[in-house]
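Going down the list, the protein sequences come from chains G and V. Residues 1 to 281 (my numbering) are what the first sequence spells out, left to right. Residues 1 to 382 (my numbering) are what the second sequence spells out, left to right.
No lab work stands behind these hints, which were simulated from the structure alone. Wrong hints could be hidden among the right ones.
What the hints assert, rightly or not - Covered stretches of chain V, as calculated for chain G (at least 3 residues, CB under 8 Å): (1) 72-86; (2) 199-209; (3) 232-243; (4) 315-327.
Unchecked claim - Computed footprint of chain V on chain G; a stretch qualifies when at least three of its residues, placed anywhere within it, have a C-beta under 8 Å from a C-beta of chain V: (5) 34-44; (6) 105-114; (7) 251-259.
Glycine included, each C-beta is placed from N, C-alpha and C at the ideal position.
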Amino acid sequence: MYLKSAYEIRDKYLRKDMLPTIFCPGCGIGSALQYTLRAIDDLGLNPDEIVWVSGIGCSSRVPGFVNFDGLHTTHGRALAFATGIKLANPKLKIIAFMGDGDAAAIGGNHFIHAIRRNLDVTVILINNFTYGMTGGQVAPTALKGLRGTTAPYGQFENPFDIADLAVSAGANYVARWSVFNYLQGINSIKKALQKEGFTLVEFLSPCPISFGRRNRMKTSPELLRWYQKITVPISKAKKMSPEELEGKIVIGEFADRDRPGLVREYEEYKKRAKRMMGWEE
Amino acid sequence: MRYPFPVGKSDFIQGDEAIARAAILAGCRFYAGYPITPASEIFEAMALYMPLVDGVSIQMEDEIASIAAIIGASWAGAKAMTATSGPGFSLMQENLGYAVMTETPIVVVDVQRGGPSTGQPTLAAQGDIMQAIWGTHGDHSLIVLSPSTVQEAFDMTIRAFNLAEKYRTPVVLLTDAEIAHMRERVYIPNPDEIELIERKLPANEEEAKYPFGDIHGDGVPPMPIFGRGYRTYVTGLTHDERGRPKTVDAEVHERLIRRIIGKIENNKHDIISYETYALDDAEIAIITTGIVARSAIRAVKLLRERGIKAGLLKLNTIWPFDFDMIEELAERVKKIYVPEMNLGQLYHLVREGANGKAEVELISKIGGEVHTPMEIVEKVVG
Ligand SMILES: Cc1ncc(C[n+]2csc(CCOP(=O)(O)OP(=O)(O)O)c2C)c(N)n1
Ligand code: SF4
Numbered sequence: 001m002y003l004k005s006a007y008e009i010r011d012k013y014l015r016k017d018m019l020p021t022i023f024c025p026g027c028g029i030g031s032a033l034q035y036t037l038r039a040i041d042d043l044g045l046n047p048d049e050i051v052w053v054s055g056i057g058c059s060s061r062v063p064g065f066v067n068f069d070g071l072h073t074t075h076g077r078a079l080a081f082a083t084g085i086k087l088a089n090p091k092l093k094i095i096a097f098m099g100d101g102d103a104a105a106i107g108g109n110h111f112i113h114a115i116r117r118n119l120d121v122t123v124i125l126i127n128n129f130t131y132g133m134t135g136g137q138v139a140p141t142a143l144k145g146l147r148g149t150t151a152p153y154g155q156f157e158n159p160f161d162i163a164d165l166a167v168s169a170g171a172n173y174v175a176r177w178s179v180f181n182y183l184q185g186i187n188s189i190k191k192a193l194q195k196e197g198f199t200l201v202e203f204l205s206p207c208p209i210s211f212g213r214r215n216r217m218k219t220s221p222e223l224l225r226w227y228q229k230i231t232v233p234i235s236k237a238k239k240m241s242p243e244e245l246e247g248k249i250v251i252g253e254f255a256d257r258d259r260p261g262l263v264r265e266y267e268e269y270k271k272r273a274k275r276m277m278g279w280e281e
Numbered sequence: 001m002r003y004p005f006p007v008g009k010s011d012f013i014q015g016d017e018a019i020a021r022a023a024i025l026a027g028c029r030f031y032a033g034y035p036i037t038p039a040s041e042i043f044e045a046m047a048l049y050m051p052l053v054d055g056v057s058i059q060m061e062d063e064i065a066s067i068a069a070i071i072g073a074s075w076a077g078a079k080a081m082t083a084t085s086g087p088g089f090s091l092m093q094e095n096l097g098y099a100v101m102t103e104t105p106i107v108v109v110d111v112q113r114g115g116p117s118t119g120q121p122t123l124a125a126q127g128d129i130m131q132a133i134w135g136t137h138g139d140h141s142l143i144v145l146s147p148s149t150v151q152e153a154f155d156m157t158i159r160a161f162n163l164a165e166k167y168r169t170p171v172v173l174l175t176d177a178e179i180a181h182m183r184e185r186v187y188i189p190n191p192d193e194i195e196l197i198e199r200k201l202p203a204n205e206e207e208a209k210y211p212f213g214d215i216h217g218d219g220v221p222p223m224p225i226f227g228r229g230y231r232t233y234v235t236g237l238t239h240d241e242r243g244r245p246k247t248v249d250a251e252v253h254e255r256l257i258r259r260i261i262g263k264i265e266n267n268k269h270d271i272i273s274y275e276t277y278a279l280d281d282a283e284i285a286i287i288t289t290g291i292v293a294r295s296a297i298r299a300v301k302l303l304r305e306r307g308i309k310a311g312l313l314k315l316n317t318i319w320p321f322d323f324d325m326i327e328e329l330a331e332r333v334k335k336i337y338v339p340e341m342n343l344g345q346l347y348h349l350v351r352e353g354a355n356g357k358a359e360v361e362l363i364s365k366i367g368g369e370v371h372t373p374m375e376i377v378e379k380v381v382g
C-alpha cells in the first residue's frame, strides 16, 4: 500500500478552523482518526455521502474536526441517532466514532440493539480502558486490577470484551487492533466501510493522561509496550488455555459475514406490507 | 399519493388513531417508538401505515433511543415523530433538550397518564404540564400544544409539524389517556385541504455556512440537512453561528440561548392559540386546557343558568404562555378558577399571569377521573 503523507490527509479532510484538536500529547484517538480518513481516501468514498455520528467523550469529539456532515449527540446515544439518519436516508454512509464508556456503559443497550438489527454503520471504537474526558474513571472495559479515580484500589469488576459482545450480538464485521497496528487497522476499516450491516473496528488506544498516569504508564511508548505484553493475535489465542488467556486481550478479525443489513431488511418489509395489503404484487 | 385510510370524509376513531393519521397527512415519514399505555395505539397505527406510504416505523429499545432516532431522521431530512406517556417522556428529556439546542424540528406526543412513576397507566391526568415545559435542563423554550377533543388531536398534530418546521424546534403534543382512547367523529381532510409548512433550507452555500446564525433576522436559521454537500457539524455543546463548539465563551452562549428562546417568545402571537366561551362580559373566568375544558364549557352554561356571569378561556397552547393576556383578563374579572387534573401546574402559570389582579383558585382533581361540570360549578358557587 502506498501511504500518502499525513499532511495531505490532514489538509484534505480536517476543518482547519477547528485545529488544534483537544487531544492530549500521546493520545491514540488521532491515529485512529487518521486510519479512518486514509481508508475513506483509499476507497475513494464521496465525503458528501458520509455522516459522522458520535456520543460524548474525547473520542466523540472527532466529528467536529473532520470536514463532513456530523452529529455530536448525547452520551452513549450515537447509534440511536444513527438509526434515524440511516433509515431516513439510506444513501448516507454512517461512521460512528465512540469511546468504550460511551458504547459499552451508558450506550450498551443501543450498542447491542444496533448490532441485533444489523444497522448499516461502521463503528470506530476507541478503547482506552477509561473515561478520558471526565478524567480517568474506570470504564466497563477496564481489566481487573487497573486503576481509575473511581476504583483507586484497582478495578474489582469483570470487564466487557466489546468485540466478543459484538460478535455474539450478530455484527457482520468485527476486528480489534491496537492503534500501533496501523496497516491492519486501515485494512480493517476499509473492509468495514465496504460491508453492509453493522461493522466494528475496535482500537486499543493510549490515554496517557487520564489512564496511563494512574497505572504507572505515563507515556504512549509505555502504553505501547504494555499493549504488546497483553495482546495476543487470534491465531495464537486459539491454541491457548483459558488460564493462559487470563488478563490478555485477543486482537485480530473476529467476524466477517454478510447477513442482510437493516436497510435491506426494511425495504423487504415495506414490499411485504404492500403485498399483504394488496397494494402491489 | 395513496393513503391507507379514507381521506376527504369523516371517520369515527380514537384520539391515538387520529394523531397517527394526521402525522401521515402532515408528511411525517419517520416514526420511532417504544410501547407504553396509553400511547401504544399511535405506534400501532404508524406501524400499519408507514410501510405503505414509504415511510419508516421502527420499534426502538427504549424511549431515549426513540427520540434520538427521530432527531437523526430530521437531520436526514424527514419529518419525524415519537409518542409516549409520562415515564417514557421522562426518559426523553435529555434528548428533548438536545433537539432544542440543535434546533431540530421534531414532534413528541406525550399521552399523559396518572403519575408519578408508573402510576395509573390506563387513567387520564394532566400531571406532565411542567415536565413538558421545563423537563429538560438548562434555559430553553419549546412549544407545547394541548387538544380537548379527538378532532383537535388531529388538527393539532398537523399544526405541531407545521410549527416544528417553521421555528426549527421540538413541539410537544400534550394529550391524555381520556382523549387517546375516546372515539369521536373526526373529519380527515383531503391532502389538498391541508396547509403544510416545510422547513427553511439554505438558499446557497453561503447561507449553509451559518446553520445556527440568525441570517434572516427572524431568529430561525435555514437548516442544512445532511447529505447535500454542506458539511454541517451539529453539536449539543454551546456553539457559534457556524456550529463550532464554544463552550467557555459567555457571549456565544448568551447569544445562542437568547436567540433560541427569542424565536419562540418573539413569535408567541403566531404560536399561541386559545378559545373563549362567554368570556366577554364574564365576572368569573375559568381557565383550563385539554380534556377538562369539555367539563368547563358545560360548567359555564350551568353557571350562566344560575345567573352567574362565568366564561371560559381554553388554552390550546400551553407554551409559550401569554402572561399578558391573563393579566388583562384578571383586571376584568373578579375571580379566576383553574380546574386541572393534577395538584396545580397550570395554576402556577395562571397565577403568575394574573399578577395579583384577581384571585386565582385551583380546582384540582387526581386519580384518573375528569372533573364533572357540577364539581366545577359547586366550587364556583361555594
Ligand atoms: C448523561 C451523561 N452522563 C455523564 C456525562 C459525563 N461524561 C462525559 S464523557 C464521559 C465518559 C467518556 O468516556 P469514554 O466514552 O470512554 O470516552 P473517552 O473520553 O475515554 O474517549 C462521561 C461519563 C455526560 N456527558 N452525560
Ligand atoms: S484524556 Fe486521554 S483520551 Fe482524552 S484526549 Fe487526553 S489522552 Fe486522549
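Against the structure, the hints come out as follows:
1. 72-86: It holds, with 8 qualifying residues against the three required.
2. 199-209: n = 0 at 8 Å, threshold three: violated.
3. 232-243: holds (count 6)
4. 315-327: violated (count 0)
5. 34-44: n = 0 at 8 Å, threshold three: violated.
6. 105-114: Held - the segment 105-114 of chain G has 3 residues with a Cβ nearer than 8 Å to chain V, which meets the minimum of three.
7. 251-259: violated (count 0)
When held up to the earlier numbered hints, the structure conflicts with 2, 4, 5 and 7 and fits the remainder.
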